[in-house]
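Trainee: Sequence:
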Amino acid sequence: MMYNGLQNDMTSFAKFAFIFEKEIKANVKNEEFKSRFKTAFELYEHKVKCHVRYVKQKDIATITDYAKFTLFFTKKRSQVLDFCRHLRNSFVHGILIKEDKFLVINDKNNRQKVSSKGYFEYRLVKEFVKEIVKSYEYND
1 MMYNGLQNDM
11 TSFAKFAFIF
21 EKEIKANVKN
31 EEFKSRFKTA
41 FELYEHKVKC
51 HVRYVKQKDI
61 ATITDYAKFT
71 LFFTKKRSQV
81 LDFCRHLRNS
91 FVHGILIKED
101 KFLVINDKNN
111 RQKVSSKGYF
121 EYRLVKEFVK
131 EIVKSYEYND
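Under UniProt numbering, think of the first position of the sequence shown as 1, with each following residue one higher.
Quick caveat, the hints were computed from the structure, so don't treat them as lab data.
Think of the CB as a built atom: it goes at the ideal place given N, C-alpha and C, for glycine as much as any other residue.
Keep in mind that the hints are not guaranteed to be accurate.
Stated by the list, open to error - Quick list of the computed label-pair ranges, beta carbon to beta carbon:
id : residue 1 : residue 2 : range
1  : 95        : 69        : 27 to 37 Å
2  : 100       : 31        : 34 to 44 Å
3  : 7         : 57        : 24 to 34 Å
4  : 14        : 124       : 14 to 24 Å
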């Protein structure tokens with residue numbers, strides 16, 4: 001599977017990774033993200049957040065799907081910023097995989113322990129990424 005099934009959206013994910021490094025990683029807190037990337041934040045709050053769950057580092061490797069939760073990750077900042085971090089890491093480390101209608105978003109921390117595990121509807125992640133890119137390009 002070429003580029004883990006992401007060949008049609010490589011540009012969007014590459015732009016997202018750039019924006020994460022330049023704007024989000026060090027400079028943005030939750031309230032700033034909410035105002036700077038308003039549409040992406042609203043999409044996250046209304047369609048993504050209900051399927052995401054924080055778990056402890058020691059529990060993440062053994063977790064299985066719950067009824068409505070499909071993506072699990074460790075907490076560092078706010079949930080939307082943590083989602084961005086794990087999505088960016090999964091992409092730049094070459095482990096983000098599109099499988100049918102889903103995007104597998106796995107990640108490991110710097111000690112090689114699993115810090116994100118699961119999947120999410122590809123269409124929603126793609127829309128979230130494109131809204132961040134659109135906001136960034138419109139404001140700069």
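Trainee: Each hint should be assessed against the structure and marked as holding or not.
Mentor: For each hint, the structure was consulted:
1. Taken as a hint, the range 27 to 37 Å is violated for the pair residue 95 and residue 69, whose Cβ atoms sit roughly 20 Å apart.
2. Separation of residue 100 from residue 31 is about 36 Å and conforms to the stated range, judged on CB atoms against 34 to 44 Å.
3. Between residue 7 and residue 57 the C-beta distance comes to about 33 Å, which sits within the given range of 24 to 34 Å.
4. At roughly 19 Å, the beta carbons of residue 14 and residue 124 sit within the given window of 14 to 24 Å.
Checked against the numbered hints given earlier, this structure breaks only hint 1.
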